[in-house]
Amino acid sequence: EPEVTQTPSHQVTQMGQEVILRCVPISNHLYFYWYRQILGQKVEFLVSFYNNEISEKSEIFDDQFSVERPDGSNFTLKIRSTKLEDSAMYFCASIGGRQDTQYFGPGTRLTVL
Amino acid sequence: GIQVEQSPPDLILQEGANSTLRCNFSDSVNNLQWFHQNPWGQLINLFYIPSGTKQNGRLSATTVATERYSLLYISSSQTTDSGVYFCAVERGGNKLVFGAGTILRVKS
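Protein sequences appear in the order of chains A and B. With the first letter of the first sequence counted as 1, position 111 gets the number 111 in the working numbering; the numbers rise by one all the way through. With the first letter of the second sequence counted as 1, position 104 gets the number 217 in the working numbering; the numbers rise by one all the way through.
In case anyone wonders, no lab produced these hints; they're calculated from the structure. Glycine included, C-beta positions come from ideal geometry on N, C-alpha and C. Keep in mind that the hints are not guaranteed to be accurate.
According to the in silico footprint, chain B covers these stretches of chain A (three or more CB under 8 Å from chain B) [claimed, not checked]: (1) 22 to 35; (2) 43 to 56; (3) 77 to 83; (4) 105 to 111.
Looking from chain B toward chain A, a few residues come up when the C-beta cut is under 7 Å (computed) [unchecked claim]: (5) N151; (6) P152; (7) L156; (8) S164; (9) G165; (10) Y186; (11) K208; (12) F211.
Stretches of chain B that chain A covers, calculated by requiring three or more beta carbons in the stretch to come under 8 Å of a beta carbon on chain A [what the hints assert, rightly or not]: (13) 125 to 131; (14) 167 to 178; (15) 187 to 199.
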C-alpha cells in the first residue's frame, strides 16, 4: 500500500537554528498538508498546499514557517529560527481528491534546546 | 470554527472487553476520520466515514451526520489496542480539525 514518508524521524536543534522537515507524499496525490502535535495535546493544522501554492494556513503558521515543493516528489516545511515552543511532532499528510482519506506520514519529532 | 468533542477522555479496559468511543461535532462536515495514535506517535488511519457504518475486523464505526456524532466500537479489546484514538473532521478546505482524543489502556 502506498504511504507518506517523512525524514528525519527525530531532529534535535538549538534555538535560533533553521530546520527543514521533509516529506514524500503519495505519488498521485494533489493536496498536501502539515500538522503539528505538541506533546500531550491535540493535532493542529498548520498549512495546506495545492497547485504549488498555499491554500490555507493557520495562525500558528507565521513568517518563521515556509513550505515548498521543490520537485515532483518532495514537500518540505522550513522553520527559519526555531523557538523552544516549536518542539513538537510534525506530521505531513496528503490526499488524492477532495472527498477522500487524508493519509498521514509517521511524523518528525522536533526537539528545540 | 467547528468544535470536536470526544468522550470519554480516558478509558481503562480489561482485555476482551468491548468499548464505544464517541465524537460530537458542532457543524455539518464533509469528511470524518478516526485515527489510532500508537506508542511511537504514529497516526494510523482507521476509518474514513463521513456517514454510515463501516467495519474492519474488531473495529467498526458509525457516523450519523444529521445528528453530528460518530461512534467507534472496539470489540474483544487487546493490549495492542492501547493508545490514543482521535476523531478528526473536515468542513471546508480539506484541513482536518482534531478532537482532544480518548486515551485507551487495555490491561491483560
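Outcome of the hint check:
Counting residues of the stretch 22 to 35 of chain A whose CB lies closer than 8 Å to any CB of chain B gives 3, so the stated coverage by that chain holds, three being the minimum. Note: the stretch 43 to 56 of chain A has 6 residues with beta-carbon separation from chain B under 8 Å; the three-residue rule is met and the coverage holds. Residues of the stretch 77 to 83 of chain A with a Cβ under 8 Å from some Cβ of chain B number 0, which does not satisfy the need for three, so the listed coverage is violated. Proximity of the stretch 105 to 111 of chain A to chain B, defined as three or more residues with a beta carbon under 8 Å from a beta carbon of that chain, is established by the 3 residues found.
Below 7 Å, beta-carbon pairs count as interface contacts, and N151 (chain B) has none with chain A, the closest being about 10 Å; its hint is therefore violated. The beta carbon of P152 (chain B) comes no nearer than 13 Å to any beta carbon in chain A, farther than 7 Å, and the hint placing it at the interface is violated. Using the Cβ-Cβ criterion of 7 Å, the hint placing L156 (chain B) at the interface with chain A is satisfied: the shortest such distance is roughly 4 Å. At its closest, the beta carbon of S164 (chain B) sits 11 Å from a beta carbon of chain A; the interface hint therefore is violated under the 7 Å criterion.
Against a cut-off of 7 Å between C-beta atoms, the interface hint on G165 (chain B) is violated, since the closest Cβ of chain A lies about 14 Å away. Among the interface hints, the one on Y186 (chain B) is violated; its C-beta lies about 19 Å from the nearest C-beta in chain A, farther than the 7 Å criterion. This hint holds: K208 (chain B) has a C-beta 4 Å from the nearest C-beta of chain A, less than the 7 Å allowed. Below 7 Å, beta-carbon pairs count as interface contacts, and F211 (chain B) has one with chain A at about 4 Å; its hint therefore holds.
Judged by the Cβ-Cβ criterion of 8 Å, the stretch 125 to 131 of chain B is not covered by chain A as claimed, because only 0 of its residues qualify and three are needed. Three residues within the 8 Å Cβ limit are the bar, and the stretch 167 to 178 of chain B against chain A gives 0, so the coverage statement is violated. For the stretch 187 to 199 of chain B, the proposed coverage by chain A is not satisfied: 1 residues have a C-beta within less than 8 Å of a C-beta in that chain, short of the threshold of three.
When each numbered hint is compared with the structure, violations occur for hints 3, 5, 6, 8, 9, 10, 13, 14 and 15.
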